[in-house]
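Student: Sequences and hints are given; from them, build the entire structure.
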Amino acid sequence: MDEAPLAPVQAPRRWRWLRRLLWLPVAFVAATVAQVAVLRFVDPPTSAFMLARQAEAWSQGEWRFRVAYDWRDLDTISPHLPLAVIAAEDQRFASHWGFDLDAIEQAIDHNARGKRIRGGSTISQQVAKNLFLWQGRSWLRKGLEAWYTLLIEAMWPKRRILEVHVNVAEFGDGIYGAQAAARSYWRKDAARLTMDESARLAAVLPAPRRYSASRPGPYVQRRAAWIQRQMRQIGGPDHLRRLD
1 MDEAPLAPVQ APRRWRWLRR LLWLPVAFVA ATVAQVAVLR FVDPPTSAFM
51 LARQAEAWSQ GEWRFRVAYD WRDLDTISPH LPLAVIAAED QRFASHWGFD
101 LDAIEQAIDH NARGKRIRGG STISQQVAKN LFLWQGRSWL RKGLEAWYTL
151 LIEAMWPKRR ILEVHVNVAE FGDGIYGAQA AARSYWRKDA ARLTMDESAR
201 LAAVLPAPRR YSASRPGPYV QRRAAWIQRQ MRQIGGPDHL RRLD
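FYI, in full-length UniProt numbering the residues of the sequence shown are 1 to 244.
Calculated directly from the structure, the hints in this document are not laboratory data. Honestly, I wouldn't trust all of these hints.
Stated by the list, open to error - When the alpha-carbon atoms are kept at most 25 Å apart in a straight line, the in silico SDA-like pairs for lysine to any residue are as follows: (1) Lys188 x Arg64; (2) Lys158 x Arg64; (3) Lys188 x Leu74.
Owing to the predicted nature of the structure, the values given are computational and were not obtained by experimental measurement.
Tutor: Structure representation (structure tokens):
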């Protein structure tokens, strides 16, 4: 009499879960690489920071609040603004690979002396944070920021990084990007921003909800004057040609 075939041996459940867990890093890498690759060519319709600000407003019952955001290609934005942002935030932008160790060291030393808190983030790091992450401080967020920064630097040219930055940076409460800022503050297009206006926009970037580019107080005025001197010192609009 023939014996019944043996049933296939089932792997213990814990091993099946382990195999699934091992696939999580692979899935994470694939998903994040795809995100950054797509945004190399596709202009972002929104960002993590914009979504968070909109959700915050609705959670507080501000149902009429709408984020102001209107994408403009870098060639249609006044060169004064990207230059002002580089002068204010990341003068080694053209030469570093996403991280400026000297700036980080200077920021740590500056903050240790009890002065106004200064960050050491590069423009690339800020793009990674604004596009994909959340506000706040944690080792998890910093780790993700570093990972996205590496991907952005590896997959995007410098001009694309700068273009995205000046379009998604927050220049006022709920005001994101050069065009929205130019329209909100001066009723003009981003192409017509002056050197002074651009310097004031760059001056408020550390705390755009605290400071105003259209009604600058003493700090923003001093900061904007310093930024304009730096814009001239690093070579003016010709400096942007180093990104080509």
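Student: Could you run down the list of hints and mark each one as holding or not?
Tutor: Structure-based check of each hint:
1. Lys188 x Arg64: At roughly 24 Å apart (the allowed maximum being 25 Å), Arg64 and Lys188 satisfy the hint.
2. Lys158 x Arg64: Cα-Cα ~37 Å, so violated.
3. Lys188 x Leu74: Distance ~16 Å between Lys188 and Leu74 Cα, so the pair holds.
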